[in-house]
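Chains as they are written, first to last, in this note's numbering: chain A, 8 to 360; chain B, 8 to 360.
Mixed in with the good hints, there may be bad ones.
Same chains, same label: a pair holds when it works inside one copy or across any pair of copies.
Claimed, not checked - In silico EDC-like cross-links for lysine to aspartate or glutamate, where the CA-CA straight-line distance does not exceed 20 Å:
1. LYS77 <-> ASP259
2. LYS345 <-> GLU329
3. LYS266 <-> GLU286
4. LYS325 <-> GLU267
5. LYS206 <-> GLU137
6. LYS152 <-> GLU137
7. LYS221 <-> GLU123
8. LYS348 <-> ASP334
9. LYS77 <-> ASP214
10. LYS178 <-> ASP321
11. LYS61 <-> ASP107
12. LYS258 <-> GLU329
It is worth saying that the hints were derived from the structure and are not from the lab. Remember, predicted model here, so these are calculated numbers, not experimental data.
Number of protein chains: 2
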Amino acid sequence: MVKSEKLWLKNHLCDGRYMRKIDNKMNTADYNEAVLKLLKKANGYISGENIAKKLNISRAGVWKHVEKLKKEGFSIKSSPGKGYLLLSAPDKLIPAEIKDGLATSTMGQTIYYYKETESTNLIAKKLAMEGTPDGSIVVAEEQTKGRGRLARKWISPSCKNILMSVILFPKIQPPRIFSTTMLASLAIVKGIEQTTGLKAMIKWPNDIYINWKKTAGILTEFNAQQDMVSYVVIGIGINVNFDPATYPEIKDISTSLFKELGQKVSRVNLLQSILEEMEKGYLLINQGNFSEIHSQWNRYSLVNNMPVEIRSFDTVEKGVAESVNLDGSLNLRDQQGKIKKIICGDLSLRFRR
Amino acid sequence: MVKSEKLWLKNHLCDGRYMRKIDNKMNTADYNEAVLKLLKKANGYISGENIAKKLNISRAGVWKHVEKLKKEGFSIKSSPGKGYLLLSAPDKLIPAEIKDGLATSTMGQTIYYYKETESTNLIAKKLAMEGTPDGSIVVAEEQTKGRGRLARKWISPSCKNILMSVILFPKIQPPRIFSTTMLASLAIVKGIEQTTGLKAMIKWPNDIYINWKKTAGILTEFNAQQDMVSYVVIGIGINVNFDPATYPEIKDISTSLFKELGQKVSRVNLLQSILEEMEKGYLLINQGNFSEIHSQWNRYSLVNNMPVEIRSFDTVEKGVAESVNLDGSLNLRDQQGKIKKIICGDLSLRFRR
């Protein structure tokens, strides 16, 4: 690779990490990403020779990577004499698509992509133990054992929604762990607003609602010593282009962005927005600015000042949810006017309307 | 296997789980354990024919298992016409030895044994994720990457000490996690007292001291969701037959049971006592009886009412350690008489004498 090409790559490929890989040795996935970037950048035809020269590979190599991209769902026209033309990108959450234009320095810079997996949180926990970079994400098009809180099943047909786990290594103590759930909730709400204009709200402790129906859920798991969190895995499931009406068990309580908006949403754009918002919030946490996260979260809280029922295994408590504390507990004012601190635990919250 | 033999096994082999294995299909390790039990039980010579008949295997099979036991360090004499005689058992923490006479129903009933491993906690965390039974233990004769709290190195030459991790699945919330460290500390102190008569004390948060020197350390790691602990791994390192005087970096601050007692201690007996005490304490935790664990722990607490220094990265706080709370925090009365709650975090505690 000559100096001018290196400079070109530095200007045209997204980040320093990427650059380092090219300087050392790119693997197949890297080349796929690089070829895709050139096709997008071209805004029209680009010759195989041109691509080959820019990436310092053979024209047969270019052809091989174009074929791989086609298999991933990209529609690419090849025309003798003109070269290659990118017609359309698939709505898949493949790393090359997520990274293209992603304005973060850590969040989502390392991506593990699965067409199908048991559970992204399970994979993420293993990766965390093995020491993957801070902000790595695991993305799946479909989960065979997806679970929400209280081990509830999470329904999601293939390639319709966002199913991912984010791996963080925050320097916080276990009592601060709820700040990471708050961070994720905030990023989802803001990401949805930026991408669709829809107004989403956070239902304590870890759900996202639009028009009183569930749109997204979060499952935070963490590993810690007595006094120090080692890693946090935040599992996120968002109903995007999925129609919950086709599933009787959730049709009355769930919605999706597609259903609320009346049109399909780009999962890639939404995911990028969420990752960018998460990076901002994570910075606050790492600065120890928990109160900023907390006060932002409260602005989107659906429960604050609402009459609610808290259902445990065999008891029902009624009251008004006054506010949520930074540790994740809810202040419930009961019918006698006494404030009770509710830890989320094995309970569910319903609005009294 | 005929009925009378089954009855014999039921009477002579230790527990129901074991019995089930024999009824199904015993593996090599099970047969080794069974042969060893018969050799121990014999209290003199036992013929190969006798063993073969009792275990329903061939005499060549018996010989094979005896050879395996010899390789594990058991001294077994074979005499034509008389059979086999167990002369001595190795002081190794092999499962057959630990289980022989172990009076627990869960704790230590599943054992993973390593002659050498990076870290028993690392293995234990992986096993916990894969769903090993509650109370499983990982035992190693030597660790290449043994660590204590604050990532401090844990020195332990091969086959001298106890290095193990206990895997628990308690139904507790994260703020209760310190009760599991308390449980382990109590079991170690009681186990040492029962086995050696030595009086050990607990130095907050997670060390065991004898005569003002460190004898054991505990490293509790856990995995949780916001409101529910998924698993706990309790790493335990105990200086048993090791002489810390040979290591300049720890010789002034550490001791061992051997050094305090003036004679070697059976690691197997000590480990069995600890597992039995842990089972009792774990029952209390699972009954939600945290206050019993807490009050027992306080009886052995070395810091209570002692003048101490709490050293953080760059600060030193002096005061009197009044007591330790159930959540693991320490109440420090400072020189102005004010009580300050200290979370263990990145600090160390020294006694002022």
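Hints versus structure:
no.	hint	in the structure
1	LYS77 <-> ASP259	neither (39 Å within a copy, 68 Å between copies)
2	LYS345 <-> GLU329	within (11 Å within a copy, 33 Å between copies)
3	LYS266 <-> GLU286	neither (28 Å within a copy, 53 Å between copies)
4	LYS325 <-> GLU267	neither (30 Å within a copy, 60 Å between copies)
5	LYS206 <-> GLU137	neither (38 Å within a copy, 40 Å between copies)
6	LYS152 <-> GLU137	between (22 Å within a copy, 15 Å between copies)
7	LYS221 <-> GLU123	neither (24 Å within a copy, 50 Å between copies)
8	LYS348 <-> ASP334	both (11 Å within a copy, 17 Å between copies)
9	LYS77 <-> ASP214	neither (37 Å within a copy, 60 Å between copies)
10	LYS178 <-> ASP321	between (38 Å within a copy, 18 Å between copies)
11	LYS61 <-> ASP107	within (18 Å within a copy, 69 Å between copies)
12	LYS258 <-> GLU329	neither (29 Å within a copy, 57 Å between copies)
In the structure shown, a violation is registered for the earlier hints numbered 1, 3, 4, 5, 7, 9 and 12, in ascending order.
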